[in-house]
Amino acid sequence: MVRVLGWLVMAFAVAPREVTQGNVQRIMYVHVPLILASYLAFGVLAVASLVYLVRRDPGADRLAHASGEVGVMFVGLGIATGSIWGKPTWGTWWTWDARLTSVAILFVMYLGYLLLRGTIEDPERAARYCAVLGIVAALDVPLVHFSVYWWRTLHQPPSLMKPGGFAGSSSILWPLLVNLVAFALLYAYLVARRVRLLRAEAEATA
Amino acid sequence: MPDNWGFVAAAYGLTAAVLLWYWRRLAKKERELERVNAGSETTVAERSREPSKTGHPRPEPSPRTPLQ
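Which chain is which? The protein sequence lines are A and B, in order. Residue 214 is where the first sequence ends in my numbering, and the numbering goes up by one at each step. Residue 231 is where the second sequence ends in my numbering, and the numbering goes up by one at each step.
Derived by calculation from the structure, the hints in this document are not laboratory data. Being a predicted model, the structure only gives us computed values, none of them experimental. One should not assume that every hint holds.
[Unchecked claim] Result set (SDA-like, lysine to any residue): computed pairs, CA atoms no more than 20 Å apart in a straight line:
(1) K170/A to F154/A
(2) K95/A to D105/A
(3) K191/B to L205/A
(4) K191/B to A208/A
(5) K192/B to E209/A
(6) K95/A to E26/A
(7) K191/B to E209/A
(8) K192/B to S203/B
(9) K192/B to V203/A
(10) K192/B to Y197/A
(11) K95/A to L177/B
(12) K191/B to G126/A
(13) K95/A to W168/B
[As the list claims (entries may be wrong)] Have a look at the derived ranges for each label pair, beta carbon to beta carbon:
(14) L185/A to G202/B: 46 to 52 Å
(15) G120/A to A201/B: 31 to 37 Å
(16) R198/B to L147/A: 38 to 44 Å
(17) D130/A to R187/B: 26 to 32 Å
(18) R188/B to G176/A: 33 to 39 Å
(19) V116/A to R198/B: 31 to 37 Å
A virtual CB, placed ideally from N, CA and C, is assigned to each residue, including glycine.
Sequences are here, hints too, so could you generate the full structure?
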């Protein structure tokens, strides 16, 4: 609750009205942290999946599962909030440019990852297949991030994670960074809670 | 450029609603699991002390083993 309040205070009370876009730019204080937190989620998922394939540790599989679930939710929200921002700014809800297409593929791949878990009954086999899919799908994350450099896109280049750092005003940078930390903490909290639940479910069915 | 507060409210509202939905889903699953765990801890012996649902008296356990 404190995190959410802090996130709202930074986005509406601290951050200024952007000169060219107006107040609709405030959507960036939720859109950018959601997408960057989903990068974190899929990075953790890939590492945990690799650990699972090497050690066959059920704890690593549970971490990958939980991280995938939260990551899908975050990237889905990131796409939706970006689309809501795009309508008044670009004049369209959606366009098939490289950034939007690659992030849509990322979303669908991890949605498939969660569906795959639900369709295989044998938990060991489900964990193995999902670990492979989770690692392969994570290869799309750098593609999403660098797509704005590699192709001509309507989507602007990254504001935060780029060579030379943030070029804008510090009054925009700080709310963005605070919200980024808030979403990273929210991600960690939700994953920890989901992992605990998955462990309890496994113990109950054993 | 107009402020488009409706779009801002939609983006923040949608995010808050989805996060709240996920939060409640986790809490519901936790409650269900607690209920299942609490149920499995009730032993057969404890159940036998409960009054019969059909109203028939439960037979007293025999002091003899089947081999006697």
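C-beta pair D130/A, R187/B: status relative to the range 26 to 32 Å that was hinted: Holds - the Cβ-Cβ distance for D130/A and R187/B, about 30 Å, lies within 26 to 32 Å.
20 Å Cα cutoff - pair K170/A, F154/A: Roughly 10 Å between the alpha carbons, so the hint for K170/A and F154/A holds.
Whether the CB-CB distance between R198/B and L147/A falls inside 38 to 44 Å: holds (41 Å)
Given pair status - V203/A, K192/B, alpha carbons within 20 Å: holds (12 Å)
Status of the given 46 to 52 Å range, CB of G202/B versus CB of L185/A: Distance hint for L185/A, G202/B holds at roughly 47 Å.
G176/A and R188/B - C-beta distance against the hinted 33 to 39 Å: Check passed, 37 Å falls within 33 to 39 Å.
K191/B paired with L205/A [C-alpha distance capped at 20 Å]: holds (11 Å)
Satisfaction of hint between Y197/A and K192/B, Cα-Cα up to 20 Å: Holds: K192/B and Y197/A sit about 16 Å apart, inside 20 Å.
Pairwise hint evaluation, S203/B against K192/B, where the allowed Cα distance is 20 Å at most: holds (17 Å)
Holds or violated: K192/B to E209/A, with C-alpha atoms at most 20 Å apart: holds (9 Å)
C-beta pair V116/A, R198/B: status relative to the range 31 to 37 Å that was hinted: holds (35 Å)
Agreement of K95/A and E26/A with the hint, judged by alpha carbon distance not exceeding 20 Å: The hint holds at about 17 Å.
The structure fails none of the hints (numbered hints given earlier).
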